[in-house]
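Colleague: First to last, the protein sequences are chains A and B.
Counted the way the working numbering counts, the first sequence spans residues 14 to 301.
Counted the way the working numbering counts, the second sequence spans residues 1007 to 1417.
Careful, some of the hints might be misleading.
[To be verified] Lysine-lysine pairs mimicking DSBU-like chemistry, simulated, CA-CA at most 35 Å apart:
1) B:Lys1172 x A:Lys274
2) A:Lys156 x B:Lys1397
3) B:Lys1353 x A:Lys196
4) B:Lys1385 x A:Lys266
Just so you know, these hints were derived from the structure itself, not from any lab.
Keep in mind it's a predicted model, so treat the numbers as computed, not measured.
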Amino acid sequence: MEESGSTENNSKALRFLRWPWNIVIYVLLAVVFRIFAIPLILALTWFQNKQNPHGAAEGYCLSRTRKQLKGVLWSLLFLFIGAALAAFFYVGWKKDHADWDRKDIISLIVSGLGAVVMTILSIYQFYTSLRDTFFPGKSRLAKSIREQLPYPEEAPPVKELFAMVDQDLEENGLWFDSVGIGKEWVLGDMANRIDRIRGIFTVDRIHQHNTQTGIRSYRTLELVLIDNRWKKSVTAFYKPKELQAAAEYLSLKVPGAVCGKNLQYADFLAMDENQRETFERKFMQTKS
Amino acid sequence: MGRALSREVKQALQDIYYNERTGRGKEAFALLEKASEAGDGDASCILARCLSGSSYVWAGHGFPEDDEKAAKLLHKSVEQGSALGVLVTMRCQELTPELEQRMPFASLQEAFDIAHAQAEDGDAFCQYVVANSYFWWDFLRIQNADKKFFRSEADQKAYMRENISKCEDLFWKALRGGIYFAANNLNRYYTKGDEDIIAPQPEKARDLWKIGAEYGHPLHQMIYAKDLEEAGRNKEALEWYTRAAEGGEPEAWGNVGRFYYNGIGTEKDESYAVQCFEKGVQKGDINSYNRLGGAYFYGRGIRQDYAKAFELLSYTFDKGSKWGAYYLGRCCFEGWGVPKDYEKARKYLEQVNWNSSDTCYLFGMMYIRGLGVAQDLPKGIAYLQSAGNHKEAREELLHYRKTLFGKWVRR
């Protein structure tokens, strides 16, 4: 019985590409097919998610840190913008400045500063992406788990840290978009211990801004959790219904926590020391 | 065929009706049995009433109910020459023409006259029986009055009104004398009237239960307490429930307990409430069984004991009370106090005949997981949705999501 179960697991394991082969294949596809690789990569990603939801086979946490590798693409984008701005600055610098008006000078300064900022941003993004991907022990996620422990300085190695969260999610986890909620842990972009949560806020805002081609709008969907040290962790969502469901599920698990919408979390964070103490006392009373 | 009631019957009437709280009901019953055997028709008649259930005798006495035996005793009382027996038997539709032939009276009128004389002598039970003959129109048969008897319809109506209205004074006398049942008929007489012959006079019925309660009848004390509770006068209601309970009214302890259990009209005292329920249980009150079962289930006022809760509630369930159906279902569902049995749980829960979110939740879980029923996710989810704000149901619902095609799937 057990044997057939393990055979089934093995056969399932073969049906998706394990790290780092998935990345190798994506890169190869991109090299060979260039822009036409996009639908192929998307289809492959969908298949991967279907066969190995939330990276269950490799461990949820590890899979999450490895996903940070896509930040390299962002860093390349920032680098490209930085390079473009630097080129603009260089060409401007080489020109004759005799008949320059104030607008030209401002453009030169902005392009120069922009080039520096974008390059720094690109380096930082590149660094954090590679750090989170290849050194999970130093990742933001591992740090957030450590901080949630009673004695962070005595935290176990990253393997055990991740195993702790993974096991909880494997046994009790419910997934809302990419956020997993277990009995003790919430795994979003960062990890939160459920018993430490004091504030649950949903952000659902539509931003609009004018462009040369008209008005552009985009929607922000975020779950903001605030813990008993008044630290906030933010996780982005794709589907509004999933965001609401996650918030409701958490509010049922932590009935004493404050729930709110959009920028209400700013008021919660703005509480002074006395207010926080009063709130904490009330929370503990509700809990007992 | 004596006109006066025997000493034994008078004593039994005192202990069974006029001073029912003396606690000598059982002795009086034995006395009547002996007298009936000795040929006392009135004793047979009253004994028959004692066996006819709580509509005819105070439940606090705990007399057995046996309709067949009661009918036989009524027949016997008629044959033994009890005028009261004749009237009571007629009232119970048991006075057949054959039995009428066998009675040692020349006519029904003769029997009625004797009973009437006994009523005039001041006996409350006799007053009640005679009043009933007027109230329920038995006087028509007694006086052999059919339609030919009257010259006109108006004449008939006047005759009816004159006779029926005689019951009012007699019922009052009976009530004051200790026959608290008289209040029931008086209440009906005042609130409903009698066809188009007697007009209703509801204002006169208003204080009936209060009067009965003040006379000290435990049943009336309880009915009066219920009226007070409905009017929101909880403190007074508790006072009267307590008096009724102390007077031996079986249902009253359950109500006293309920007040203390929920802190109505008094400070909450769950431990005392449980003691009250236990007293009610000793008296066989179903409501007290239920409440005590509920207390054991939640562990309020007493140490939590699901097995005991199940035992008490299944007893009342078998007696037809659905009050504890949810608790029984939950015990079977969770395996609390009894082995897990989803089939049984479903049967109990199906008997919950009120809108219960707890029940909806359990049904939801049963359909979702296929426990005791065929697995049916959409049906289970529909049950969970109908559980409204039930915390566990809401939490469970969040375990599922609808796909683009409208199909429910587990997250």
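Colleague: Each hint needs a verdict: does it hold in this structure or not?
Modeller: Against the structure, the hints:
Under the criterion of a C-alpha separation no larger than 35 Å, the hint pairing Lys1172 of chain B with Lys274 of chain A is inconsistent with the structure, at around 76 Å. A distance of roughly 34 Å separates the Cα atoms of Lys156 of chain A and Lys1397 of chain B; the hinted pair therefore holds under the 35 Å criterion. Under the criterion of a C-alpha separation no larger than 35 Å, the hint pairing Lys1353 of chain B with Lys196 of chain A is consistent with the structure, at around 33 Å. Between the alpha carbons of Lys1385 of chain B and Lys266 of chain A the distance comes to roughly 25 Å, so the proposed pair stays at or under 35 Å and holds.
The structure shown violates just one earlier hint, number 1.
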